[in-house]
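The task is simple: from the sequences and hints, build the whole structure.
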Amino acid sequence: MTELQVLLFASYAEAFGASAVTVSVPESATSADVVAALRSLPGGAVLPEAPVVAVDRRYVRSPVAVRAGQEIALIPPVAGG
Amino acid sequence: MTELQVLLFASYAEAFGASAVTVSVPESATSADVVAALRSLPGGAVLPEAPVVAVDRRYVRSPVAVRAGQEIALIPPVAGG
Amino acid sequence: MIRCAIVTTPIDPAALLAEVTTPSTGATTLFLGTVRDVNDGRAVTGIEYSAYTAMALDEMERITQEATQRFEGIRIVIEHRVGILLLQEVSVAIAVAHARRAPAMDASRFAIEELKRRVPVWKQEHYVDGDRHWIDPTAMQTTTGASS
Amino acid sequence: MIRCAIVTTPIDPAALLAEVTTPSTGATTLFLGTVRDVNDGRAVTGIEYSAYTAMALDEMERITQEATQRFEGIRIVIEHRVGILLLQEVSVAIAVAHARRAPAMDASRFAIEELKRRVPVWKQEHYVDGDRHWIDPTAMQTTTGASS
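Protein sequences, first through last, are from chains E, D, X and V. Using the numbering used here, read the first sequence as starting at 1 and increasing by one per residue. Using the numbering used here, read the second sequence as starting at 1 and increasing by one per residue. Using the numbering used here, read the third sequence as starting at 1 and increasing by one per residue. Using the numbering used here, read the fourth sequence as starting at 1 and increasing by one per residue.
Just so you know, these hints were derived from the structure itself, not from any lab. Be aware that a few hints might be false.
[Stated by the list, open to error] Residues of chain E placed beyond 12 Å of chain V at every Cβ, according to the derived structure: (1) Glu27; (2) Gly43; (3) Val64.
[Stated by the list, open to error] Only part of the chain V face toward chain X is listed, based on derived beta-carbon distances under 8 Å: (4) Thr8; (5) Ile11; (6) Ala14.
All values reported here derive from a predicted model rather than from experimental measurement. Ideal Cβ placement from N, Cα and C applies to all residues, glycine included.
So, in structure tokens, the structure goes:
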């Protein structure tokens, strides 16, 4: 298992009560595993079926392998402008 | 015959050497008659085949009857903006 | 809300933005036409704008009325400057505000396209070599390079 | 020429216009998003904007790079403000200049549409009754009126 930090923003940060949380996932984890781990935490019910994930400040459209050292973030529906 | 004043602007004013000229036309004259009269004046060669005419500050698309008291103008190709 | 003007002094874009923006608008657009240094390959020092002022104002009013009908709820201000303008000076400014961005942007574009097509304003470019030339957007480019 | 910024102080539209306009540009456009007083029928007192700043900047850079490829020769500056904004304050400003107006206008529209679609910025509306609501543009309007 490895520990990964996940950045949270806006409504997600509010629901989890934190702007970042750490989850334990297998070494060969994907972004989908990270989402599943988050969903089991208090506040995890806020997440939609397939929340948008960004890795190293880029959107990832389908599950990708993730590892410690990457900047992993969950992106609520954006509302800029 | 009646005398009509015609406003000139930009390249037309430059060619005629005046910002307004007076032409003599029949009582039942149209805007086309006004243009024909202008064409015979010094500088009239500058006019294209069908110069744009405005009467009372509105474009007229085909020859219309004109009379003294109206504001008649010849409009060179516009280039605002 | 509509206002159109032909002005002889520098246009203040920030003032136009403030004029159209209200607590009920959510999008404001501004279009500025500015004098540029090269046209058709010739070095320009400035442009002299002239207008048939009374009709230009009427035509600008008609354009903004049409814009208001097409894009309901817009607030629009148009100012066109006349006289001799130097490089980078603003010749025309169109400010539009609306609750939403699409009508604001569409109305801005409609207004500048119609203004260029219909408003009786003319420009004479002044070149580095002292020559001057009336701009005729309807003319084809000639082999002498003197038109367009 | 490209510049993108996330700012915490008021945006100065006139400064952005001056930044993109040069003697070689002939058309400058500005788009401003401003806070409006009513959304989805509820009286708004202000909006709190927050961002994933590092990624928002990267995404804005990517959008402006794409715009530069689509509309060659543009000069573009985007600023998005974060923090609590009151009615009529500017949340986002996009200034674009080009020799000709069509690329300037097209690039402005491209940039705001992409920004709204992609840049990780969020807003929480504050209402007269003290309630607050995260805005989700992807949500369908609900019967409670709580979504927009």
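Hint check:
With a minimum CB-CB distance of about 26 Å to chain V, Glu27 of chain E clears the 12 Å threshold, and the non-interface call stands. The beta carbon of Gly43 of chain E is kept farther than 12 Å from every beta carbon of chain V, the shortest such distance being approximately 14 Å. The Cβ of Val64 of chain E sits about 16 Å from the closest Cβ of chain V, beyond the 12 Å cut-off, so the non-interface label holds. For Thr8 of chain V, the shortest C-beta to C-beta distance to chain X is roughly 21 Å, which exceeds 8 Å, and the interface hint is violated.
Given hint, Ile11 of chain V at the interface with chain X, is violated; its Cβ is 11 Å from that chain's nearest Cβ, farther than 8 Å. Evaluation of the Ala14 of chain V hint against chain X yields a held restraint, the C-beta minimum of about 5 Å falling below 8 Å.
In terms of the numbered hints stated before, the structure departs from hints 4 and 5, listed from lowest to highest.
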